[in-house]
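Peer 1: Here's the letter readout for the chains.
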Amino acid sequence: MIGAWLSGAGGPLLSGPLSHLCTVETDSEMNQHVTAELADPVNIAAAGQEDVVRLVDLKRRFGATPALDGVSLTVRKGEILGIIGRSGAGKSTLIRCLNGLERPDSGDVFIEGREIGRLAERELQPLRRRIGMIFQHFNLLSAKTVEDNVALPLKIEGRPKAERLARAAELLDLVGLSEKAKAYPASLSGGQKQRVGIARALAARPALLLSDEATSALDPETTRSILALLKDINRQLGLTILLITHEMEVIRSIADRVAVIDAGRIVEQGPVWSVFAEPRSEITRSLLGGIRPQLPAEIAGRLVPGAGAELILRIDVAGEAARGPLLSDLAVAVPGPFRLVHGGIDHVQQQPVGTLFLAVAGDDERHLAEVIAFLKAREARVEVLGHVAGSV
Amino acid sequence: MSPVLFELLLRSIWETILMTAASGLISLVFGLPLGLALIATERGGIAENLWVNRALGAVINGFRSVPFIILLVALIPVTRLIVGTSIGTWAAIVPLSIAATPYYARIAEVSLREVDRGLIEAARAMGGNRWTIIREVLVPEALPGIVAGFTVTLVTLIGASAMAGAIGAGGLGDLAIRYGYQRFETSVMVAVVIVLIILVCGIQWVGDRLVARLDRRG
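Quick mapping for you: the protein sequence lines, in order, are chains L and B.
Here the first sequence is numbered in this note's numbering, starting from 1 and rising by one per residue.
Here the second sequence is numbered in this note's numbering, starting from 1 and rising by one per residue.
Calculated directly from the structure, the hints in this document are not laboratory data.
Hints may be right or wrong, so weigh each one.
[Stated by the list, open to error] Part of the chain L face toward chain B, derived, beta carbon under 7 Å:
#, residue
1, R128
2, R129
3, M133
4, H137
5, Y184
6, A186
7, L188
8, S189
The structure displayed is predicted, hence computed values, not measured ones.
Think of the CB as a built atom: it goes at the ideal place given N, C-alpha and C, for glycine as much as any other residue.
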């Protein structure tokens, strides 16, 4: 099905215009890429050829408020980059700069190596056909049938009708809505509408898919199925996806890398699991709050800095360190009682990311120092949160 | 009602229908593009141009603020220029069209403005130009409102055409004044009112049916 979709005329699987996107980057190549980018500005230009999107110091103001305040970012071929931020953080402006719906005040937007920030509207139009976009409220045309909606980008391109409808049929098959081809959008559920939106965004065989809060208007179950579809498309077609969202759950489900935006600036970015394991900024921690273990409120409310019967420790551990028998080793290495109060180990991008809250005796300085030393030796991050009077 | 009067009634019905249909058609042909121009040139529109927008708005408001009976007389030189005469049914079509066009432009503008901006953005994101946006998004999405507004315009034109008797245009209004009122032919008056009711209801019914068929918004 996807093969036919790619090649159009039933040729080999990767002969279509998207085939060049299907090269698989290995993890080590990706990592080198990251290091190179951080260390060496000369290599950035060299690496730039693999970047579908490169933003350089993008700025945009609305009146006195800066919506984008110097954003630099790259999206690599074949990856899913998630941009997360609160509403008003500048994510919508950012994503709209990528297809010229919004013009930056300063800075450069490179799409497949070409600067588009200063192109005239007329020059942007053919370029936008290389970029598909899906929307929070789907934005399907109510007066057109599902297949006509999907075929619209091809109509804009000036393709003959037979070709348009054949392609619409392929795409509706891809998103599992073949039987709805003649229906009107009003008769579809939210999830079905977004599937049509995805099919439409893919119609012109784009090099990049922009997703503007595509699942924010959907219920959790539908959200999962739409995200699974996007991931499938990314994997099978090698399509590069840039999505913006305010939900960490979306990032966790499908993104390879995440960039956190706050007040128009990228405050941190990296592979999803490492940002989950070690969030550096307050905003990231707060966005992660909903899906990572937090100290239960009734314990947090009783924390005091001074002395108390028990001491609460927060332990963050990820990757290799989280695979070992950490707690049983701790029990053997440092005799003395400790209790697991709360926490858990999550798996993000096949990497374990754990947060544990331990209670240890509050009056034994030496014991505490040993526990901390042991955990640090195991590459865990330890934070002493405070004492709790009485038992928790 | 005498056969002569009946003959007159039929002729008047035809004249009213002719005036309404012709000026309705003209107001559609000019009013819809005018409505599109208003929407396109307004702030944030697809061809933003506030000066053009204000100028268009001022002209439309100017024509709309003149009462039709005054327009009918004031436009006599224009009518003579276009039709060659200032008297008769065809002569009445000129002021009727000129009055109905800005009226319909405003109605079309309202329907077009209700089109979700997200749809325009989606079309732009697909690489569509202004013409694509007008043809594929604005007009089809606003079509139910555009048709409903046209129905309203036609009904208004039936009323306005009654005044066209003042320039010898004939029509049902003229018949009702000259025969029903001035010659005390009550039967003519009653017949005219009944015919007008049937005409208006008929137009409204057809318009409503069409809107219902076109509206896919669910």
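Peer 1: Run every hint past the structure and note whether it holds.
Peer 2: Comparing the hints with the structure gives:
no.	hint	result
1	R128	4 Å, holds
2	R129	4 Å, holds
3	M133	4 Å, holds
4	H137	6 Å, holds
5	Y184	4 Å, holds
6	A186	3 Å, holds
7	L188	9 Å, violated
8	S189	12 Å, violated
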